[in-house]
Amino acid sequence: KNSDVGPFLGMLKFNGTYVRVGIPSGSDMNFNYDYIPLIFTQKKIAGSIVTGTRRMKRMLQMTKDELESYANDAEEWNSKIVNFDQVNDVMDDLLNGRNANNWRYVLVW
Numbered sequence: 001k002n003s004d005v006g007p008f009l010g011m012l013k014f015n016g017t018y019v020r021v022g023i024p025s026g027s028d029m030n031f032n033y034d035y036i037p038l039i040f041t042q043k044k045i046a047g048s049i050v051t052g053t054r055r056m057k058r059m060l061q062m063t064k065d066e067l068e069s070y071a072n073d074a075e076e077w078n079s080k081i082v083n084f085d086q087v088n089d090v091m092d093d094l095l096n097g098r099n100a101n102n103w104r105y106v107l108v109w
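Heads up, the sequence shown is in this note's numbering, so the first residue is 1 and it goes up one at a time.
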């Protein structure tokens with residue numbers, strides 16, 4: 001659950017943005033936050049819907065149908081798992097072209 005966004009706001013740089021992606025479950029629709037970090041550090045909270053249910057189901061079905069292809073082509077699916085508290089380092093690497101291994105970064109909470 002992300003009901004308390006305070007810890008996430010604490011990881012943001014000045015003028016950073018916390019974005020909630022996707023529609024949360026019914027039990028996780030609300031969140032709490034303190035206005036002070038928003039005001040004095042110019043941080044923002046935003047939301048985004050990635051895709052609709054129909055397209056998501058099509059994508060998941062396609063992935064299921066092609067799972068063996070993905071498994072056999074490991075180089076094409078290189079990923080590097082990093083803790084979310086390293087998101088700023090990851091963004092710096094991407095912005096400055098330091099992603100020589102062409103990793104797809106996976107952020108974990």
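There may be inaccurate statements among the hints.
To be verified - Quick list of in silico lysine-lysine cross-link-like pairs, DSS-like style, CA-CA up to 30 Å:
{"hint": "1", "residue 1": "LYS44", "residue 2": "LYS80"}
{"hint": "2", "residue 1": "LYS44", "residue 2": "LYS13"}
{"hint": "3", "residue 1": "LYS43", "residue 2": "LYS80"}
{"hint": "4", "residue 1": "LYS13", "residue 2": "LYS64"}
{"hint": "5", "residue 1": "LYS43", "residue 2": "LYS64"}
{"hint": "6", "residue 1": "LYS57", "residue 2": "LYS80"}
{"hint": "7", "residue 1": "LYS43", "residue 2": "LYS13"}
Unchecked claim - Just the calculated beta-carbon pair ranges, DEER-fashion:
{"hint": "8", "residue 1": "LEU60", "residue 2": "VAL108", "range": "16 to 24 Å"}
{"hint": "9", "residue 1": "ASP65", "residue 2": "ARG98", "range": "21 to 29 Å"}
{"hint": "10", "residue 1": "LEU60", "residue 2": "PHE14", "range": "35 to 43 Å"}
Hints were generated in silico from the structure; no laboratory data involved.
Beta carbons are placed, not taken as given, at the ideal position from N, Cα and C, and that holds for glycine.
Which hint numbers doesn't this structure obey? 4, 5, 9
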